[in-house]
Every structure is written in structure tokens, then in C-alpha cells.
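K.L.:
Okay, here's what each chain looks like letter by letter:
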Amino acid sequence: MAKELNRTLLKKMLYDMMLIRHFEEKAGQMYGLKKIGGFCHLYNGEEAVAVGSVAAIDLSKDYLLTGYRDHGHALACGMDPKAIMAELFGKITGCSRGKGGSMHLFDAEKHFLGGNGIVAAQIPVATGVAFAQKYRNDGGVTLCFFGDGAIHQGAFHESLNMAKIWNLPIVYICENNQWGMGTNFRKVSSVDDFSLLGTAYGIPGKQINGMDVIEVYQEVSKAVEQARKSGLPSLLEARTYRYKGHSMSDPAKYRTKDEVEEYKKQDPILILKDKLLQEGILTEKEYEKYDSQIQAIVDEAVEFAERSEEPALHTMYEDILVE
Amino acid sequence: MPVITYREALNQALDEEMARDESVFLIGEEVGEYNGAYKVSKGLLDKYGPRRVIDTPITELGFTGIGVGAAMAGLRPVVEWMTHNFALLALDQVVNNAAKMRYMSGGQFKLPIVFRGPNGPAEYLAAQHSQALQTYWAHVPGLKVVAPATPYDAKGLLKSAIRDDNPVVVLEGELMYSFKGEVPLEEYLVPIGKADVKREGGDVTIVTYSKPLKVVQEAAELLASEGIQAEIVDLRTLRPLDEETVYRSVRKTNRAVVVEESWPVCSVGSYVAWLISKNCFDVLDAQVEMVASEDIPMPYNHTLELAAQPSVAKVVAAVKKVLYLGE
Amino acid sequence: MAERIPMVALSPTMEEGRILSWKVKPGDAVKSGTVLCEVETDKATMEYESPRDGILLKLIRQEGESVKVGEPIAWIGKPGEQVPDDRPQAAPLDKPEGGGKPSSSPGQKPPTPPPESEKAPLEKQPEKAPSSAGRGRLEVPVAEGGIVKSSPLARKLASELGIDIRRITGSGPGGRVVRRDVLRFQESAGKVEGGKELEGERAVVAPSKPAPVLLDQEIPVSGMRAAIARRLSESFFTAPHYFLRVAVVMDGLLDARSRYNAEGTQKVSLNAFFIKLAAEALRRHPRINSTWKGSTIHIHGSIDIGLAVALPDGLITPVVRNCGGKGVREIDQELSVLVDKAKKGTLKPEEYTDATFTISNLGSFGIEEFTAIINPPGSAILALGEIRKEPVVTEQDAIVIRRILRMTLSCDHRVIDGAVGAGFLRDLKGMMEDPFRILL
Chain A
473 MAKELNRTLL KKMLYDMMLI RHFEEKAGQM YGLKKIGGFC HLYNGEEAVA VGSVAAIDLS
533 KDYLLTGYRD HGHALACGMD PKAIMAELFG KITGCSRGKG GSMHLFDAEK HFLGGNGIVA
593 AQIPVATGVA FAQKYRNDGG VTLCFFGDGA IHQGAFHESL NMAKIWNLPI VYICENNQWG
653 MGTNFRKVSS VDDFSLLGTA YGIPGKQING MDVIEVYQEV SKAVEQARKS GLPSLLEART
713 YRYKGHSMSD PAKYRTKDEV EEYKKQDPIL ILKDKLLQEG ILTEKEYEKY DSQIQAIVDE
773 AVEFAERSEE PALHTMYEDI LVE
Chain B
9 MPVITYREAL NQALDEEMAR DESVFLIGEE VGEYNGAYKV SKGLLDKYGP RRVIDTPITE
69 LGFTGIGVGA AMAGLRPVVE WMTHNFALLA LDQVVNNAAK MRYMSGGQFK LPIVFRGPNG
129 PAEYLAAQHS QALQTYWAHV PGLKVVAPAT PYDAKGLLKS AIRDDNPVVV LEGELMYSFK
189 GEVPLEEYLV PIGKADVKRE GGDVTIVTYS KPLKVVQEAA ELLASEGIQA EIVDLRTLRP
249 LDEETVYRSV RKTNRAVVVE ESWPVCSVGS YVAWLISKNC FDVLDAQVEM VASEDIPMPY
309 NHTLELAAQP SVAKVVAAVK KVLYLGE
Chain C
82 MAERIPMVAL SPTMEEGRIL SWKVKPGDAV KSGTVLCEVE TDKATMEYES PRDGILLKLI
142 RQEGESVKVG EPIAWIGKPG EQVPDDRPQA APLDKPEGGG KPSSSPGQKP PTPPPESEKA
202 PLEKQPEKAP SSAGRGRLEV PVAEGGIVKS SPLARKLASE LGIDIRRITG SGPGGRVVRR
262 DVLRFQESAG KVEGGKELEG ERAVVAPSKP APVLLDQEIP VSGMRAAIAR RLSESFFTAP
322 HYFLRVAVVM DGLLDARSRY NAEGTQKVSL NAFFIKLAAE ALRRHPRINS TWKGSTIHIH
382 GSIDIGLAVA LPDGLITPVV RNCGGKGVRE IDQELSVLVD KAKKGTLKPE EYTDATFTIS
442 NLGSFGIEEF TAIINPPGSA ILALGEIRKE PVVTEQDAIV IRRILRMTLS CDHRVIDGAV
502 GAGFLRDLKG MMEDPFRILL
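Residue numbers (my numbering), protein chains in the order written: chain A, 473 to 795; chain B, 9 to 335; chain C, 82 to 521.
Hints are computed from structural coordinates only; laboratory data are not their basis. Incorrect hints may have been included.
[Said to hold, decoys possible] Pair ranges (Cβ atoms, derived):
#1 B:Val205 / C:Phe317: 58 to 68 Å
#2 C:Thr126 / A:Met653: 17 to 27 Å
#3 B:Pro149 / A:Lys659: 57 to 67 Å
#4 C:Pro301 / A:Tyr789: 48 to 58 Å
#5 B:Val205 / A:Glu790: 28 to 38 Å
#6 A:Leu668 / C:Glu121: 44 to 54 Å
[What the hints assert, rightly or not] Below are the DSS-like pairs computed for lysine-lysine, each with C-alpha atoms no more than 25 Å apart in a straight line:
#7 B:Lys118 / A:Lys582
#8 C:Lys230 / C:Lys422
#9 A:Lys498 / C:Lys159
#10 C:Lys230 / C:Lys424
#11 C:Lys112 / A:Lys716
#12 C:Lys422 / A:Lys498
#13 C:Lys149 / A:Lys716
#14 A:Lys498 / C:Lys149
#15 A:Lys737 / C:Lys159
#16 B:Lys260 / C:Lys149
#17 A:Lys483 / C:Lys149
#18 A:Lys498 / A:Lys694
Backbone N, C-alpha and C define an ideal beta-carbon position, used for all residues, glycine too.
Let the sequences and hints guide you as you build the complete structure.
P.N.:
Dropping the structure here:
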């Protein structure tokens, strides 16, 4: 099945997932060294969702928004790891000039509209971006990511309703990593099949395997096509898993080590790597090469961040208003 | 010069700006088919169609956030809140997103969005529908806040707000919609960030904004008949404040009274009063007095309701206090 | 490539941890998440998970060792990679605080208190005197009884007009002096300037026309009145006063003065003579030129004599400084400037405070003699009565008519004993009757 897809695409998806994984591990370490402060939400284990989804869109006309667990999406959109790491370090060379931090990564040019610190706040905003695309009739689509914790916010429901009545070109993707901070999603959801929540608004909903990047890519592509061609929004629930705690200060005592280990067996990187090795698309040597390349990129990002300057004090008054 | 209502002035502003710039659209509850809960958007749906005049479900948080997203993606939304009371539901999108996107992204985005609607008490509407919430908006860096009190200012400020590349909150008023005033036929703008001296006088400076301007003007007439000439400074913009116009007036008169329709605690007027006390300290011959609404939820009973708001008598008393004209 | 693995903060407050036990040994394969060791932190025992995949090549720190956050504990890399043999003395990967100023360190951790040196200057800033806009010019006027309530504008105006604001009675709330009070005061002092006469006709002060009968009225106590009350009460009830009286034959001095005044253009006042003579007497009796300090008596080096001057609503004592070093003419010139200022209310504090000795002259009122209250910080005050013609018995038992001045010296017995005071007064009298005695 993998052979049907473009080899280059497949290798790129593997590479991107590995990049995210290494970057997040390094970010975790940097946090432990107090280079990064405040909130830091890591994406380890969920890489397939961001990578598979971005592969399904065209960032020259499409847009992507997500919540605060945004490092993976930022990298998947092609943002420079140096700029992201520098932002995490709070340096002036960061993608938000040191003013945003981990939860507020943005890249206007790459159509990555953040990054948002308030749970579900990005959902109406993403719906508004899709509104603009419809308004201009430019054929673009918006991907809106959020977690299992966000799906119960009023903002989610208000947005889906309006997306449907106005036929907005948007795909809502719920990354269900099954834990809303320390709370298992089943405990706080009246229905635990989130695809049904789409039905409530007349929107097609589907559950997909978020650990399989190829499945993510294929399903998101279908949903994107539907949104682009007929203005029909959809809701995808990507079942996935995060290896780390909710954030750096979460020791994740609410789940067992065994549970984590079980999910690691479904590691999206290993799954794809094995598949590609099996189908002869990739060799172990190439894999090693990717690994050391990525290691170097991530180290370079840290080094860049380290030697970058702190923002000058006067910059705190900048970028508030358009003058 | 034609005399029109405040409502008509706003309608003209919306019409003109929508005609001028295709990316301007109006979104809110009842703005289209109903022609506006207060008829401010009358005729716009017929003229511009449902693509540009959008009726929403009752979802303040949702459609305000949609406005934010549309603005980030390059459009110029005008978001109407049926009243500012309901805007509380949308506080997160305005304060956490609209006001901060530019900052958090290091300057990558501009949010050319207008939030508008009636603010403050009307009549008989009771506690939840009578709030003046300008303090909440004026408090937030990243927003601009305007408060026109006359048809002329309403049209000019709304046009400026729509053309501004930043989020602008516009404070209208249900009872102000029927105020009449002269509005020129030719196009004009009122700049954001400039106060206006509505009446000149040498004896006392009265600083005010929004609906109480009317009460202050009546008070000034009464005071004039007693030989006291009040100078009225209408702030027109609450953020950014035009401090210099205020100080220039106080330097002339040596005394100031701030009048506003707002709960007094942490009000915009209390901030202005402090600014005057600090920056005009040496020329003040009296303490700065403030006339605000009573620090209570608005009662339904009309007599109580009127007693809870600034009045001509309260303004006159405050003026006499700073002139040491004893009781 | 091989990488040094540092000790990381396993809890937000952790600064260092003790490796309790290694769970892997050199040569073991590890994955991201594999527990490398157990670490005892300030809070609890935590598991340290590997940040990456690879082979554990070498342990840098051993079980039982305490490691600071940032210091390396092991090497992880590819199989067979060589790694240097570094001991704890090797430079730590990164100091947690290194690389940035405090502003770079992350925000969410509990903030460490600023170092002492940063804190101290803030704490050391003393409470300044009540705030004022400018330096000196608009300092809040402190009348002896406390702060004079006044609007900033009134203070500025008074200062510009050269009026001592303490002289003005305020009509504002709580006796606040406001602009109209300053303007009215100025008008009544003789000058008329274009001021706003807007403020209400009702005034708080007593009506200006003398009433045919007395009226019940409350007069607010001005700053000056309060000051007089306070200071003189304190003086009279604290210092044990006693009084020495002498009668002085003035003919010689008066004739001499007439002669001098006839020849000069400037007529020298009698008070100037009194001041000069008193200064000469004080020079010979420095004990009188003093201040009671409780554990010490301060003898003043400079002889600064104050002359009590009556004002419409009070009194003030302009002071001629260093009378001992000045001649009568000089004293007189200074005195006349000071008295003029006193009457206009434009004396500065340094011009009417801290007289070391005071003279009060009620002769022009026809008072024969009187006792005065000592003006602090001095220890004595000289009260002069009217110069009158009186019959005097001479040495030869004849009765002659002479111009007699009765003067009374009030002394503070804490400082000046009877004989000391008497000695001073005797010498002063002697010099007044025969000024040549000054030469002795």
C-alpha cells in the first residue's frame, strides 16, 4: 500500500517525524537545564498527526492552526528549527522575537497561524480563517487542530455550527491523546466517540488511527478535498498518544508505565520505518543518515539559540499596535 | 448641513466603508434580515448581500473569534455585539486573541477588526442589560477604544476605526442612537486619539465622554447662568488617551471635574483623574472631583435607575465644590 | 555522535541531585525514556529517563555522588565510539544560570529573591518630606504647628508674589489656603493685581467694617497664630522665668544719637543702638547668648539679635545676624530692610528664626515696663518700656529731671543664675548710660 504513495513523500514524512521527535527530546532536555521556562508541551508520540496532515495540504493557499502543543505542527509546516528553539529560549532571533514562547509560535508566511494558550480558543479563529477563504473564494482550506480537552468548550460547538451553516472550507482535527492534562477523556465526555460530535452539527465525523502517518495522510486528504470542493467541513478524531506528561511539570502519575510502553510499541516513526524498510523504499543506512543529519540540525538549533541575543528592553513596547 | 441621528450617522459610516473596501464585512446577531437590533445596519443586507452582511446564531464567543480569524487572514470585519453586556461572553477572543496576536507573534500579524455595539444603560433594562463596560476594554494594551457622543463623532470615528489596522472597540449607546446632530455631506474622518473641546470656558474643566456629554452640556448652561464658565473636554477616545488636550484645559482653569457613566471603582475616569492630579499638580487650586454612576447593579425601578446615574445636579454640585462655592 | 548527558532538573526547584543507583551499565543499549538512574532530589526520589536512543558508553558520575543540574553524568552514543575520560573537574555542560542575565531565566519557576545588593538601594530610599513638584520652590510650607493646608496653585502664587503663605488664613475645606485667599491677602497688603474675583462673596473671615457692637465670631487660627501659641506656651511653661528690672538714664545716649543723626543722611533708629549695646554686653557675658539643650548648654558663637515686630494679626522677630561684628549704622540698615519685609509678610524663615537673644520694645505704646516671655531658642529676652521724664535723686541728693527707660530682663534659670543675669544687666545699663564704657 505504501508503494502507491510517492516514495519521496513517504521518506519526507519519516524524516519530518524524526525531526519532531529529536527536537522535542532536545527541548525537554533544555527545559531541564532551565533554558526554557514556563509551559512546554511536548509532542513526542503524536508526530504522525501533524506530519500526515500537513502533507495533505498546500501551505501556499491553505492555513493551519493549533493549540499550545504546537512545536510539532510548526516544524511540520517547515519552520526553521533554529527560529523555534531560539523562541523557546526567549531570544530576539526567535520566530516571535522572544515575545511568544512555546505556546505562541507563528509563521505568517507559511500560513501557520499559531499556537494558542487558551484551550479551544483557536477553533473560532480557525473558523474565521476559513470564512475569509470562502469570502474570497480562493480555494483554500484551513486545518484546525485541538485536543480531547478542548472538544467540550463552548467555542468548539459554536464554531462547528457556524462552519456548517456557512459551508466553510475547514477540517477540524481532534488529536485525542486520551489525557486532558491528568484527566482521562472518557471520564469527562458524555460520548467517547468524538466523530459523533460532528454528526450533531451535520458534519461528517470519523475516527482515525493517529499513530499511522499514512492513514492520517489519506484521511485528511479526503477531508481536505471535500472541504475544498464542496465547502463541507468535517471532524476527524485522530486517536494518538503522548509519551510525555501534559507539560514539563507533569510527572504523569495518572497513567501506568505499562500503558505508555504499550503505546510506544505503536511508535509512528518505527511503524513507518519498518514499513519502508520492508517495501524497500528505505535502507537502514539511509535511516541512520537521517538520524545523524537531524541530530546535527537539532544541535545546531540549540547552539544558535544559545548564542543569540536577548531582546533589548525597548522591544517590549514594540509590536503591540500597527503604528 | 444636514441634521441626522447618531444611528443614521453610523449607518452612513458602515455603508461608505463597505462601498470603499471590499474586504469590509459586518457580522453579528440580527444585523441582516432584521436590519439591526437597533436599526444601525438598516438596508445594508439589501445593498451588499449575505456575503458581506452575516446574521449569526447567538454565539458571541464563536462569531467574535471568527472575526479574529478573518482579520488574521486579511479581511476587515466589523463585529456587532447586540450590547456590550453580551460581549462578556466574547472576552476571551478579544482580550486573549485580538489584542495579543500581533504581540505574541513578534509583529507578524495585524488585526484590522472593529467590535461595536451599544454600551451603558438605556431605560428599565435592569442589571444585566445596563452595564457600562468600557473599563474592561480600555484596560487592555493591544486594543483601541473609542466613545463617540455625537452623530458627527460617531460617523467620523467609526470610519476611522474601520480603516485602522488595529482592533478597535466602539462604544455606542442605545439612548444615543436617537441623538440628533449636524453631519456634513462631504466625507470626513475623526482621528482616533484626539479629544475635542466641546465648549470653551475659563473657570472649570469638565472631562467626559459618551452619553453623559449631554448632561454635562446642560449643566454647563445652568452654571453659565450663574456666571460660571465651564470648559467641556470630550475625550472621544479612551485608549489612547489625548492627555495633552486635557492638561491644556486644566492649566487654563486650574480645576477639573471628571464625569462618566461607569461604576467608579477602577473606572476610566478614575485613571484620568489621577493623570490630572499627577501632571497638573502645580496648577490645581482644588482636588479633582469625579462624578460617576453609583457603585450598584442597575435597579429596574426607574426613579432608582435615574438616581444611580450622573445627573445635571450632581455635575453642578461637583463644579461648585472645586470652586469652593459652599453649600 | 556521542553526547554527554547532563543532570537535569527533575523538579522545578531542583538544584542538584544525588545518584542513588545506576540502572544501566556501559555497553547497554538505551532508548529515549529508558530509566538510566535513580536520583534523590530536594523533593523526592525520581527516575532519570534517557533523552535519546543509543548505547550507554560511559558513566561520568558514580552512585552516591551529588551532581549539580547541568553537570554531565554519562556518555551516550553509537557503539564503539571513543569518549574522553573526564572526571567531575571537567567543565560542566552548562551552568544553569549561565548564558544569560536574570531576565533570560525562565519565568514560571518560583522566583529567587533578588540579591541583597539589588534590594538595598530601594529600601534605603528614605521617606522624603511631603511631596512637592519642584525642588525647594514649592515645598509644602510647614508652619510651626504643622503643614499649612494649601492648594498647589495657591502655594505657587504665594511664592511668586513673595507672600509667606503661613500668614494667610484659608477659606477652603479644613482651612485650606486657596488662590482667592492669596489674592485677597495681596490686595489687603496694598497692591492690587488683576485677579479673578469669581469666587463667592461669602467669606469665612470676620467682616471688615467695625461693628457697632461686638459680634460672636469664630476666627480660624492662622499658621502664625498657632505657631506663636505653641512656641511661647512651650517657652513659658518649660523655662523657669525670673525677671530683673533696672531703670536706665538715657539722656547721654539720646543726645549722642541726635548729634549723629544730624550729621548723617541716614537717621539711625534707637532700636539699632539698643541692639548694638546689647551685643556688646553679650560679648562680655556669653552665658546669656545661649540655648538650654538638656545635657548641655550651647553657647552661641554668633550674636544674633531678634527684634520683636508687631504685625496686624501677630508678631514676628526679624533677626540681625552677627551683631557683635557690625556697627550701629550697618545694624540699622539691615534692621530697616527686615522690618519692612516683616510688615509685608515676605520674611524668609532664616530671617526670623533662631535669634540667640531678643529685644522687645513696647515703648511706643506708652508701656512703662513689662516682662516678656523668652523667645526660644534663646535663654533671655530684654523688654524695653517707654522713655519718660522722671525725677531722679543724684549723688549729691539733689532732685533732677532725667529721661528714664525702664527695662526688664527675663532669664531662663536653667541656664542663667541670678548673679549672672544681674551682672549682664548691670553692664548693659552701664554702657547705655555711658557708651564710652564700650571701650573698656
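K.L.:
Of all the hints numbered above, which does this structure not satisfy? Sort the numbers upward.
P.N.:
Checked against the structure, the hints that fail are numbers 3, 12, 16, 17 and 18, while the rest are satisfied.
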